[in-house]
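Student: Please construct the entire structure, taking both the sequences and the accompanying hints into account.
Just so you know, the protein sequences line up as chains A and B, in that order. Heads up, the first sequence is in this note's numbering, so the first residue is 1 and it goes up one at a time. Heads up, the second sequence is in this note's numbering, so the first residue is 1001 and it goes up one at a time.
Just so you know, not all the hints are guaranteed correct.
[What the hints assert, rightly or not] Calculated Cβ distances over 12 Å to all of chain A for the following chain B residues:
#1 MET1001
#2 LEU1059
#3 ARG1063
#4 PHE1130
#5 GLY1160
#6 PRO1173
#7 ALA1240
[Unchecked claim] Cβ pair distances, simulated, as ranges:
#8 B:ALA1176 x A:ALA49: 50 to 58 Å
#9 A:VAL8 x B:ALA1176: 44 to 52 Å
#10 B:MET1016 x A:VAL8: 31 to 39 Å
#11 B:HIS1174 x A:VAL8: 33 to 41 Å
#12 A:THR75 x B:THR1199: 45 to 53 Å
[As the list claims (entries may be wrong)] Stretches of chain B that chain A covers, calculated by requiring three or more beta carbons in the stretch to come under 8 Å of a beta carbon on chain A:
#13 1028 to 1036
#14 1178 to 1188
Rather than coming from a laboratory, the hints here were simulated on the basis of the structure. Where a beta carbon is used, it is the ideal one built from N, C-alpha and C, also for glycine.
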Amino acid sequence: MSVVFDAVMLLLLIATAITVARARDLVAAVVKFGLYSLVLCLVWQHRGAPDVAITEAAVGAGVTSVLFLLTIAKTARSERR
Amino acid sequence: MRVFALALVLVVAATMVIGIAGLPPHGDPDGPVHTHVGARYLEQGVAETGLRNLVTAVLLVYRGFDTFLEVVVIFTALVAVLALPSATRQPPPSRDESAAASRRDTDDAVPVSPVVFLVVRLLAPFIAVFALASLYRGHVTPGGGFQSAAIIGAMMIALGLVFGREHAARLVPHGAKAWLQALGPLVFAVVALVGWRLTGAFLGFPADEAAHALREALVVILEVAIAVGGAVILAQLFMALDAPS
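Tutor: Given below as structure tokens:
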């Protein structure tokens, strides 16, 4: 069960990482990156590192998303081709 | 170009996979992780530091110097952001009055969904209590200064998004702002010098049994400084980027 959970989570991580890299709309990329952080937070918790999981949830999924969105608001929303 | 990029990715990936294959199996009791200094931390850590959370013991007592520089790195990040001309530049006066005014209007009254407004307002006190609990119990249970800083900082940013930056800015007292931003490095330096005075080693902690209370007090002071300083730095990063330019 534990192995299955780990496998599913790690596959989700790889999948979200690829969608982040492929996203043209940077706002979509930020939202997907938040999802990536959330999955990673579950992985940390499952591997017995609650300290890191708390920080990942607050900083990875929360603060950096806001900072990225603010940066997009100040620059451009879509990637230059 | 694409072929080159693909080749580069494959070479790096192959190197990493070979490196991972060479690691000892996860949880192997004979692995270097468990036979080097880690073994001593696990066996002696609680007795030597008096902290029941070994993560905090390693972070603040055994590896205090690393954590000191980590706090300095976070502070330096804020300094770098504030040094960007666009982060602190005031909007040009009078030249574009109407545009500036309309921007100020939208700044003060961002249309926030009532659901988001209510949820953030309801959750904020609970988030604050959770952060304080993880700070207060940090030397016993998972959590501590950095976790608490991240949670409080995220809460301040959420409040800033919902109530507008004018209200959020009031969460940090204006006169004490500069001191609070530098609180982590400053307090760490003071504790390090106190340790020097007491034990003869920079960032040393008194080791004998009688100094247990003093040791714990120093750790709690460090944790509080990391939490408050870190939270203020996160909030200030948000303010600097959110400022109208």
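Student: Each hint needs a verdict: does it hold in this structure or not?
Tutor: Hints and how they fare:
1. MET1001: With a cut-off of 12 Å, MET1001 (chain B) remains clear of chain A, as the shortest Cβ separation is near 15 Å.
2. LEU1059: 9 Å, violated
3. ARG1063: With a cut-off of 12 Å, ARG1063 (chain B) remains clear of chain A, as the shortest Cβ separation is near 14 Å.
4. PHE1130: 9 Å, violated
5. GLY1160: 9 Å, violated
6. PRO1173: 21 Å, holds
7. ALA1240: With a cut-off of 12 Å, ALA1240 (chain B) comes too close to chain A, as the shortest Cβ separation is near 9 Å.
8. B:ALA1176 x A:ALA49: 50 to 58 Å: Violated: the Cβ-Cβ distance is about 34 Å, outside 50 to 58 Å.
9. A:VAL8 x B:ALA1176: 44 to 52 Å: Holds: the Cβ-Cβ distance is about 47 Å, inside 44 to 52 Å.
10. B:MET1016 x A:VAL8: 31 to 39 Å: Taking Cβ atoms as reference, MET1016 (chain B) and VAL8 (chain A) lie about 22 Å apart, which means the hint is violated.
11. B:HIS1174 x A:VAL8: 33 to 41 Å: 49 Å, violated
12. A:THR75 x B:THR1199: 45 to 53 Å: Since THR75 (chain A) and THR1199 (chain B) have Cβ atoms about 50 Å apart, the given range 45 to 53 Å holds.
13. 1028 to 1036: violated (count 0)
14. 1178 to 1188: violated (count 0)
Of the numbered hints listed earlier, those contradicted by the structure are 2, 4, 5, 7, 8, 10, 11, 13, 14.
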